[in-house]
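Generate coordinates for the entire structure from the input sequences, incorporating the hints supplied.
Order-wise, the sequence lines are chains A and B. Residue numbers 1 to 483, in UniProt numbering, belong to the letters of the first sequence in order. Residue numbers 1 to 141, in UniProt numbering, belong to the letters of the second sequence in order.
Hints were generated in silico from the structure; no laboratory data involved. Hints should not be assumed to be uniformly reliable.
[To be verified] Pulled a few chain A residues facing chain B out of the computed Cβ check, cut under 8 Å:
| # | residue |
| --- | --- |
| 1 | 64 |
| 2 | 202 |
| 3 | 226 |
| 4 | 279 |
| 5 | 281 |
| 6 | 294 |
| 7 | 313 |
| 8 | 315 |
| 9 | 327 |
[What the hints assert, rightly or not] BS3-like, lysine-lysine: derived pairs with alpha carbons at most 30 Å apart:
| # | chain 1 | residue 1 | chain 2 | residue 2 |
| --- | --- | --- | --- | --- |
| 10 | B | 115 | A | 251 |
| 11 | A | 311 | B | 45 |
| 12 | A | 259 | B | 115 |
| 13 | B | 45 | A | 332 |
| 14 | B | 115 | A | 340 |
| 15 | B | 112 | A | 340 |
| 16 | B | 112 | A | 411 |
| 17 | B | 14 | A | 340 |
Even glycine gets a Cβ: it sits at the ideal position worked out from N, Cα and C.
Listed here are the chains, written in short residue letters.
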Amino acid sequence: MPDYLVRLVQMHESFRQAELQALADVAELSIEFVKYDNDSPFCIVRLPSDSAAEAIISRSLLSQGIYELWGQGATYDALHNSVKDISSAKWAQYGSVPFRFTLDCFRGTRDQTQQRDIIESFSYLGFNGPIRMRDADASFKVFEEYADKAPEPMYLYLGRFVAASGRDVKTTYDLKKRHYISTTSMDAELALVTANMALAAPGKLFYDPFMGTGGFPIACAHFGAVVCGSDIDGRSIRGTGGSARKGQTGKFDVRGNFKQYGLESQYLGAFVSDLTNTPFRLFQHSNAPSRGGYLDGIVCDPPYGIREGLKVLGTRDMLNDQERTTHQNRYKDAGYIPPKKPYSFTAIQDDILAFAAATLVENGRLSMWMPTANDEDIELVIPTHPCLDVVSVCVQPFNKWSRRLLTYRRKADSEIPAGALEMAKKEYEKGVRADELNNFRRKYFEGFKEFERQRQAPGGDPAKQVDGAKGITGPWREKNGSS
Amino acid sequence: MKLLTLNFLTCAIKACKSSPASFPLHPRDVELEIVESDINLPFLKNILPRLMWAELRTIAAELGLPELPETAPTRDHLVEGKEEAKEGEEVDEVPSQTARDLHRVLLETTVKEGKLVCGNCAHEYKVMEGVPNFLLPGHLV
Ligand SMILES: C[S@@+](CC[C@H](N)C(=O)[O-])C[C@H]1O[C@@H](n2cnc3c(N)ncnc32)[C@H](O)[C@@H]1O
Ligand SMILES: [Zn+2]
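Structure follows, in structure tokens:
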């Protein structure tokens, strides 16, 4: 199999390899990583063909493009030797076609004269066709990788361009241009990466149990999936008569976002619900002929922290008879608000895993975000479930806090050890979990507040444009003094 | 909310979940709307074996929609007899009438307003602006 050079972006480093692997998985292609380093934007992979390379890279957010590898080396002498060694058989077929030859310097620059000299040093390739900067039939690139502030490059590659990445779509879905968002909307790039990790694709059914304004389902629909979602806050789904953007009035809702992107036919709709009291059909349902998973993927950014108000249905204390009667008599009234209680962040993660185990098809995926402290005295625990394999753990570091994207695969029932499934079912049916809130370290919560501030800080921050009076979850809660 | 969703939803009350009568939820006093969309054959093929067919028929009947066949169609029923393909040529599959009927029921018929009622405990879930509300009152959690 030929070697290809992937030009990655040098950010979200720990997501990049997992994204390429996921894209190979979704295209049902084998990929072998020959060279990968978190500190480098150059990665060498082995793939069956150019068309495989294109299939994989065209959906990628965290790369720029893929090239057939024509040579590599630490110096130009080494590079030229390598080119002569591994690619001389290919030169002739490009001898007379219109072509383009350019330079990509990572962490370095070359002036025009240097560029011309470098390109001319490859004249032995014998390309005699016309040079075209646009619409060339073949496009070649010399890549130079420099160490920080080094005068000379430390490594070089020559590649023939095969395909560009799908990174441009991050502009299409940019939150700055989205009609309806909230303070907790995930930025478009990472929402699309999440959809890639979970293998969203045409024909599949995807669900987000914490959909907010629908960022993840929209990203999954972009890749062809049919999607639905839910949220405990009905206002976020139906909209509030305004958007999180200052100066915009009129009705904005999740459906409107799907319309904006022309994805409405892939949107099944949404419902209001608490994940811990989900209306979804679960595996113990007796009508079901078999275990009957039906979701291909679940993607979510669950709530955490105080301000975001992780709440579930229920009351802090058991209702007494009189209170029960009051609820019973009142619940059909127009203004009735179902009581909610705080819940622990670790318990909801376990609930999500149990839900995924019950509703995913075999090999279906769960991609879930989880914030953690970069703190030595808090142990990092990746939640696990006997029916789920951890596929990848990607970290987006902030100052004192990080968030992780955890991706799981639903095992086939035959892979699950005897008894484990029954145990998990029982656990889940028990439903109500101990409220571990009190065990939560104060520090942890303080950290989350800071984490949220940071999360909302990056450029073009939609949070700053929020019109609190319009009542999108985050600022609404804050104004009402609950944090 | 598109009708397909009802094939996945039961009563939200935990004690109801294991009872056969809690699925499907029964639409009551509903206002339906047809929202046309492009047929999605790969999706229909994928989702077909996951459908609970008897329950889908029940709901279609309760909504007064045209009767669905007694037994679930198979994937082959969704595609029109393939045209003779020229050597090495990929031919687009043509959706059959069955596929188009299913598309109409599952993906173009939407519930706008009304209620979804549990057959086991009779709890009613309201649908407002196409969004069903499954939040449970204090005494039912
Ligand atoms: C981090 S936000 C997700 C935002 C979403 N990704 C977006 O793009 O808008 C978490 C969401 O979970 C919702 N939520 C909180 N508790 C919940 C629960 N118990 N069940 C379902 N949703 C809940 C909140 O209303 C909030 O919209
Ligand atoms: Zn019920």
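Can you give the numbers of the hints that this structure goes against, from lowest to highest?
-> Violated: hints 1, 11, 13, 16.
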